[in-house]
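In case you want the letters, here they are:
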Amino acid sequence: MRSRMLDSNILQLSIKEFRSLWHDKILLILIVWAFSGGIYVASTASSQELHNAPIAIVDEDGSPLSKTIGNAFNEPYFNKPEYINYSAVEPALNSGQFTFVVIIPSGFQSDMMASKQPTIQINIDATQMSQAGIGDGYIQNIISGEVNKFVSGTLKAYKLPVKLIIHNKYNPNLTSSWFGSIMEIINNVTMLSIILAGAAVIREREHGTLEHLLVMPVKPIEIVLSKVLANGAVVLFAATLSLIFIVQYVLQVPIKGSIWLFVLGAALHLFATTSMGIFLGTIARTMPQLGLLFILTVLPLEMLSGGITPYESMPQLIQDLMQVAPTTHFVNLSQAILYRGGGFSIIWEQLVILLLIGSVFLLSAVSRFRTSVANA
Amino acid sequence: MANSKSSVVSLSCVSHRYGENDAIKQVDLDIPSGCMVGLIGPDGVGKSTLLALIAGARQIQEGAIRVFDGDISDANYRDAIAPRIAFMPQGLGKNLYATLSVFENIDFFGRLFGIPAKQRHQQINELLLATGLAEFRDRPAGKLSGGMKQKLGLCCALIHAPDLLILDEPTTGVDPLSRRQFWELIGHIRKRREGMSVIVATAYMDEAELFDWIIPMNMGKVLDTGTVAEIKQRTNTQTLEAAFINLLPDSVRNEHAALSIPPLNLKDNKIAITAKGLTKTFGDFTAVDNINLEITQGEIFGFLGSNGCGKSTTMKMLTGLLPVSRGEGLLFGSPVESNSMAIRHRVGYMSQGFSLYGELTVRQNLELHAKLFHMPADKAKERIDSLLDRFTLRSYQGVNSAELPLGIRQRLSLAVAVVHDPELLILDEPTSGVDPVARDNFWALLIDLSRNHGVTIFISTHFMNEAMRCDRISLMHAGKILVTDTPEVISKSRDSETLEDAFISYLEEAQGNKTATPAPQNTIDKEYPIPVNRAFSLRRLFGFSYRESLEVLRDPIRLAFALLGSALLMLVLGYGISLDVNDLTFSVLDQDHTPESRNYIQSISSSQYFIEHSALSSNEELDRRMQDGELSFSVVIPPGFGVDLKRGRVPEVTVWVDGAMPFRAETIDGYMQGVHSAYLTDLTLKALGYVPTILPINIASRYRFNQDFKSIYALAPSVIPLLLMFIPAILTALSVVREKEMGSIVNLYVSPATRLEFLLGKQLPYIIISMVSFVILLFVTVYIFKVPIKGDLFALYSAALIYIIATTGIGLFMSTFTKTQIAALAGTAIVTLLVTVSFSGLTSPVSSLEGVGRLMGECWPATYFIIIIRGIVTKGLGFSELSSSFQSLLVFAPLFTLVSVILLRKQGK
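Chains as they are written, first to last, in this note's numbering: chain A, 1 to 376; chain B, 377 to 1285.
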């Protein structure tokens, strides 16, 4: 007994898509790399937000205190500080060689002991946006810590009336690779699904095979769905393996929530992105046009969805626009599931939105399908 | 005769294999020079392979080939003699560029061979006049009819005045009138250029009758060689067609029997196809003009006409592929609607171009179609097996259909069209490029379908003997039907001996005398010097640039995407990417509820970075709302906070920060420290009346280059390197692989142009486009984002140019080593996105990275351009301060292009 499903056009066309992909070995290698080596490299490149920050010290004091301060900057947060002359500060900052230069003025220790409140200066290359602010805080803490240690016993220490204790939930040491690995998977899922689905449409149109399908008892929606299904499945499969083997096993990232709930979310996300890719494929007339459309779409999707910079800090207009983007919701639900251990009750809304976005793109693609073939 | 002359080409022991299949087996051959030599034989016997090997377009696997007394496998020799050879590959206009005009196509080929402009233009004009293409000079090649495409292909081949002209099935798919003109043209050219050798592969035996010397081939072997007369004499036959069949091995020959067509016996005059006033317009152009047709069920109805007369358009309207402009088409009495599934089950269609899946095997293609027509598995298998035999495809069943020779592919298309036993077959030039024996086999099937199964067949063809087999035919010209009747009546109506003469007479009448072959211009007798073949020629390089830029200019949408798209992206990303962390949501679990705790909360909520959400009532709620992502952090104030504070017992406030995004968490930690110490200062000020010295020193942080620490100053300039990486790389990523996929790469193979000329020539236009894009992006930075450029503007432009040379090179690199456009796009995206976004210092400097990521960052041009652009825009620097980054960037500029040169092949496999 063969079921209806096995005979269905969608299945047959999907098998054909798989065969086409299988035929393109270079493409397969690229996909495998994207979900293995790519993820590994991306998440191991830096282990902390402030990591090996390049720092230099101008020590004009040469006192025990200034030496203590200099020795207090350690890996992993800072590189071993380099001691430079005052005249070298400017060129060093200019060339981007150092992000931070601490200047300890001469007579620093003796002025302090004489209660003259000497000033220690931190020069920060503010063009290094992510390191500058965080590093500033770290350096201030390190210096005041060293100074306090130095003076304890000699000067009357001040007792703080309230203590502040900060805990980082879900990622106690703020290990970057936890974040980077998952975000890289999300980026690759988005990027590959759009390009595979979109290019599959253009290739079929450029080779005349789409026209051929349209004279057979095959509905446009079946063609579109088969591409969604096949390309989505390949990417989903790769992403799932990557999550289990690369992220969990190789990178040892603890996953809080259910992987399978994440896979469900990824499947819906793929439904949205592959539909989007096919929609782009019906707009672009040639492969070069598709390539550019793809870049114009995928860059905002990846960079503004909260996977690289904090979503809530973007201008309101961009935030509103990005509500239409599937990645925004996928990033959101992935963080909720994988880091915070959220369950279905917490992410169901995102799932519904993804389904909705996907349906809109799918239907638009289907409605444009015939016209785009006739005009080719 | 031929034997007395020296040979122009000689092959010894040449063999060629594609995977498992032998294309050519141990061929020894001497081809006399100065002759018109015909290569004849069925499909897939190795004719095309042989020609490509002689032309140097394919690498020789085994044996030796000497052309003009030199070894063609020697790359230097190949380049040296390339100007003396012209090669026109198989397939209608396969090596032409569809968006370029007739003139531009020939002009490009002229540039490829380094012909100076003046001479080139003169020769083009002469060729256009001679071929009658002069009035279509500005028409894009893609919009030409098949016959005109072939003539254009010939012009492109002749522009450099070759001594050896190699034509692979030049008249396949060309209508009789155009064919006749084509051969007349070749005749004139041969008269003019005495001593020119021509080697032609053809499936038309009537054409081959006129050749000087014939090479019949079968199964990768040469059967015989000699003049037509010699071969006829040896085989004791009257026609070449008969002679050829005689030369075939018995097994093949026996299958061939003369076709007999039983008379049409129409029982009931049910109508299968009706067209009433069917009209199709494209803009101002009327492709099909008011066509009326009635085709009875079971009839074989032929459609004849010159190329581009509207036959295919009519067929496409009847299949529902093209919407009808006016009038209506009916299939089996019901109107053709694009969505009527029931009718599609009853129709089989074969389009003119090959439109099956090249990456699937012959059997997989057949299976896919059988399944899409919902044939039961056992029936499908049986049907496919019988079709494999019927179309002699069995030996090819495991071969990917893209690798099949043209004729075999056509047979496969036919098999696919009939796989589901349709009641109506619409076949658009199904036998173009198919050899005579296979054509007869195919017709035997059609006759069987029509006479024994009542299948209606609507077929277009250029073969007159096929037209004779139709029950009725229509002659079509310029969108109109000239006459519809039985072939006999049509022949008689013009008092012609043959249908072909009648057909041509109708056409000439319809066209006026316009198309009579123009008398060849005597001016073309002039001999032009063949330009010296240099190792590196700027003219050829610019030839590639010229062609590439024309293609880009013909596609204004792509240009707009590249230029305006990048500006738009800059706006969105510049505004959107923000490393200014603010608007952070938090909530408080206040377990104390005293004025002291409220005071503490007040100090947090007054921070400009934070937004307070409704208070928490329990730890469970805290967990849930943080899990939800609603809260970025939460503050827990313990019971007894107020009392402890007053008594100096140092109460502890706990803050839970969402660590899911480490960068944000770090920033929140910092903000909270600040808020807390501000609170403490405030508290002690109130309690003691003065601010105590918490620390005996001052720490002064100076944010250099960007006093306000606003990310736009740092980010706007950093988005430029990002965009100038992706857009140029994507632009060039398809440039080479597209030619590979479309087949026009063969032009590089057979031209004297070097790989470096080819790649640099292609790169140049994209460098210019990207520089324009850079200027636009800079404009957006300065005037829209109001980020002033403090440093040396000239240095900035220089850096951008070097950077763009590198990024377009990355695209070229991807393009040379991939085989499909999809892989090139995906590869470029995968490689450039990760490294550029994560490892080139966009958010944190490369020196903070480690491992492979750091290495990649250091070996990536974006890293250095980001340093340079930040240095110039925000730090006010110039060349001298940034010299080390400039040096690194300079290394990359030629690197990718050079690697591409090494990777690119200059011959097919």
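Just to be clear, a hint being listed does not mean it is correct.
To be verified - For each label pair, taking beta carbons as the anchor points, the in silico distance ranges come out as:
#	chain 1	residue 1	chain 2	residue 2	range
1	B	Thr-657	A	Trp-348	47 to 55 Å
2	B	Glu-438	A	Phe-245	39 to 47 Å
3	A	Trp-348	B	Gly-1252	47 to 55 Å
None of these hints come from the bench; they were simulated from the model. Note that the coordinates shown come from a computational prediction; the quantities given were computed from them, not determined experimentally. Glycine is no exception: its CB is placed at the ideal position from the N, C-alpha and C atoms.
Outcome of range test on Cβ distance (B:Glu-438, A:Phe-245; 39 to 47 Å): Taking Cβ atoms as reference, B:Glu-438 and A:Phe-245 lie about 45 Å apart, which means the hint holds.
Cβ distance range 47 to 55 Å for B:Thr-657 and A:Trp-348, holds or violated: Holds, since B:Thr-657 and A:Trp-348 (Cβ atoms, about 52 Å apart) stay within the stated range.
Outcome of range test on Cβ distance (A:Trp-348, B:Gly-1252; 47 to 55 Å): With Cβ atoms ~53 Å apart, the hint holds.
Taken one by one, the earlier hints all hold for this structure without exception.
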